[in-house]
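Novice: With positions in the sequence shown counted from 1, the corresponding number in the working numbering is that position plus 636.
Mixed in with the good hints there might be a few duds.
Pair by pair, the computed Cβ-Cβ distance ranges are [as the list claims (entries may be wrong)]: (1) 1011 x 645: 11 to 21 Å; (2) 654 x 715: 48 to 58 Å; (3) 737 x 897: 22 to 32 Å; (4) 731 x 825: 42 to 52 Å; (5) 951 x 735: 29 to 39 Å; (6) 871 x 1048: 19 to 29 Å; (7) 871 x 913: 20 to 30 Å; (8) 817 x 871: 33 to 43 Å; (9) 1020 x 731: 31 to 41 Å.
By construction, these hints were calculated from the structure, which means they are not laboratory data.
For every residue, glycine included, the Cβ atom is placed at its ideal position computed from N, Cα and C.
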Amino acid sequence: MEDKQSVATLIDSTTTKIQQLQKAFAELESHRAVTLNLKWKELEEHFHGLEKSLKRRFHELEDQEKEFETKTRKSREMLKKREAAVVAKEQASLVRLQEKRDAAVFAISNALEKHRKVSPEEPADSCDGDSGELSVEEKPPDSVASESNSEDIKCSSENGNFGVKSYPQLVKICEEMDSEGLHKFISDNRKNLAALKEEIPWALKAAASPAYLVLESLKGFYLLEAPNVDRKKDSNLLGLRRTCIMLMECLSFLLRNMDMVSVSALISEDVRGQAKLIAEEWKPKLDALDMDASNGNSLEAHAFLQLLATFGIASDFNEEELSRLIPMVSRRRQTADLCRSLGLSEKMPGVIEVLVNNGRQIDAVNLAFAFDLTVQFLPVPLLKAYLKEARKASSPVKPGNSSSTAQIEFSERELAALKAVIKCIEEHNIEEQYPIDPLQKRVLLLEKVKADKKGSTEAAKPQTKRARANGAGYGPRVTNVAADKPFYSRTTDRYPQYVYDRPYVYSGPADNHGPALLGSATYNFSPSGNYFGYQYQVPYLH
637 MEDKQSVATL IDSTTTKIQQ LQKAFAELES HRAVTLNLKW KELEEHFHGL EKSLKRRFHE
697 LEDQEKEFET KTRKSREMLK KREAAVVAKE QASLVRLQEK RDAAVFAISN ALEKHRKVSP
757 EEPADSCDGD SGELSVEEKP PDSVASESNS EDIKCSSENG NFGVKSYPQL VKICEEMDSE
817 GLHKFISDNR KNLAALKEEI PWALKAAASP AYLVLESLKG FYLLEAPNVD RKKDSNLLGL
877 RRTCIMLMEC LSFLLRNMDM VSVSALISED VRGQAKLIAE EWKPKLDALD MDASNGNSLE
937 AHAFLQLLAT FGIASDFNEE ELSRLIPMVS RRRQTADLCR SLGLSEKMPG VIEVLVNNGR
997 QIDAVNLAFA FDLTVQFLPV PLLKAYLKEA RKASSPVKPG NSSSTAQIEF SERELAALKA
1057 VIKCIEEHNI EEQYPIDPLQ KRVLLLEKVK ADKKGSTEAA KPQTKRARAN GAGYGPRVTN
1117 VAADKPFYSR TTDRYPQYVY DRPYVYSGPA DNHGPALLGS ATYNFSPSGN YFGYQYQVPY
1177 LH
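Taking the hints into account, I'd like the entire structure generated from these sequences.
Specialist: Following this line, the structure appears as structure tokens:
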């Protein structure tokens, strides 16, 4: 500041200096012996030019200094606001965590107390005291499921039975390190998949090397793929791949409930090396995948990302390339947890932007809620844009020329979009921001129109008649039941569609209703099971 004042003082004194110089020049001119070619006017113009130039440059520097001070002040204010926001979020997170812990302790205490009252004469047999097999009604809620699972793992580990009760054969298969037998056993018991998944982590612990057993089970992931087989429709291949993903998830669950020393022993450098070799073999095959064709439900991309997360080798691969795979699995239940495990949380704004630009606003909204990005990506405008695009796609180019069948198809598309938006609104509790009453009225209207058109179409069809077998008369021809086929179609494939594999709304408050299925004509579903916070319902059909 002092330097600036001194410079300003010197600039202001230039006029005085010029006047003094003028007097000296006049005195010099009066004593000259010879005529000087240099005139005072020229000198004066020269010095005045220098003075103006210095003043202009000085003012420019002052303006730049003020601009810099303004920017610095704004940056400091912004940093203070961000710091305050971070502190507030941390405090809120701590409060929520404490509430969940208190709720978990309270629920477990209540459950144990109820069990003691129900069976007071049964001997105590647990890790810390009285415990036992809780009934379905007495089990703690979903909010404490993870704490309960952790306690169960510790207790069962000390008891030595690994929690395998319904399927003791699993322990024997894992002890023998029989990966093919494990695949076959899961396929044979696919009807009880929810109960089976609960016992697989315990059974894996009985194996000499659970990690090697799971790696061994991945060998057939691409080997069964034949050139003339449609990967999206071959039930054998799809079932095997779902089983591979499930086994990696079960191993991850087992690892999460072990101490660091045990995890390091289980996932050794040799194991990581083999997992990396498999991942490097799979990665080139993902380049041929189409994000739009997979519709956010790609088993190949999911298995690759799950492999990296389970065996902790994500750091060996490029984050940008991994983030480009997320839209291929955006509709799968485990996407949000996978992204966090892979360290891709910071990449999610870019992933959500890609989903929005590709007309997948439902997936974008789900991920925005999962990663607290609803300020950057407002849910209501995204859902409205999704409905607008769906209505455009559902409108025939020439309404007068479209057939009844085509009109029914257009109505079904809009219905699916409306139900998906309604379910998304309900899942994330944003009814106040986006009321669902008008949407539900539109759903009822479209369903009525569709039913009327179907009825008129059926009535317009000619009824083919044929003579009865006894020749007594004629009757309507029945075309919906084949006489030479059983009522239930026989399943010849080894791996059918697994009921646990369907799209979902990402991590959030657990409840008892499933998310919307974009490609399904149904709306409300009743869950048939729950495992690790997941709900198993009707499969999504491509």
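Novice: Work down the list of hints and note, for each, if the structure agrees.
Specialist: A quick look at each hint next to the structure:
1. 1011 x 645: 11 to 21 Å: violated, 52 Å
2. 654 x 715: 48 to 58 Å: Holds, since residue 654 and residue 715 (Cβ atoms, about 49 Å apart) stay within the stated range.
3. 737 x 897: 22 to 32 Å: About 25 Å separates the Cβ atoms of residue 737 and residue 897, which means 22 to 32 Å holds.
4. 731 x 825: 42 to 52 Å: Between residue 731 and residue 825, where Cβ atoms are some 43 Å apart, the hint holds.
5. 951 x 735: 29 to 39 Å: Cβ of residue 951 to Cβ of residue 735: about 34 Å, so the range 29 to 39 Å holds.
6. 871 x 1048: 19 to 29 Å: holds, 25 Å
7. 871 x 913: 20 to 30 Å: About 29 Å separates the Cβ atoms of residue 871 and residue 913, which means 20 to 30 Å holds.
8. 817 x 871: 33 to 43 Å: Taking Cβ atoms as reference, residue 817 and residue 871 lie about 20 Å apart, which means the hint is violated.
9. 1020 x 731: 31 to 41 Å: holds, 33 Å
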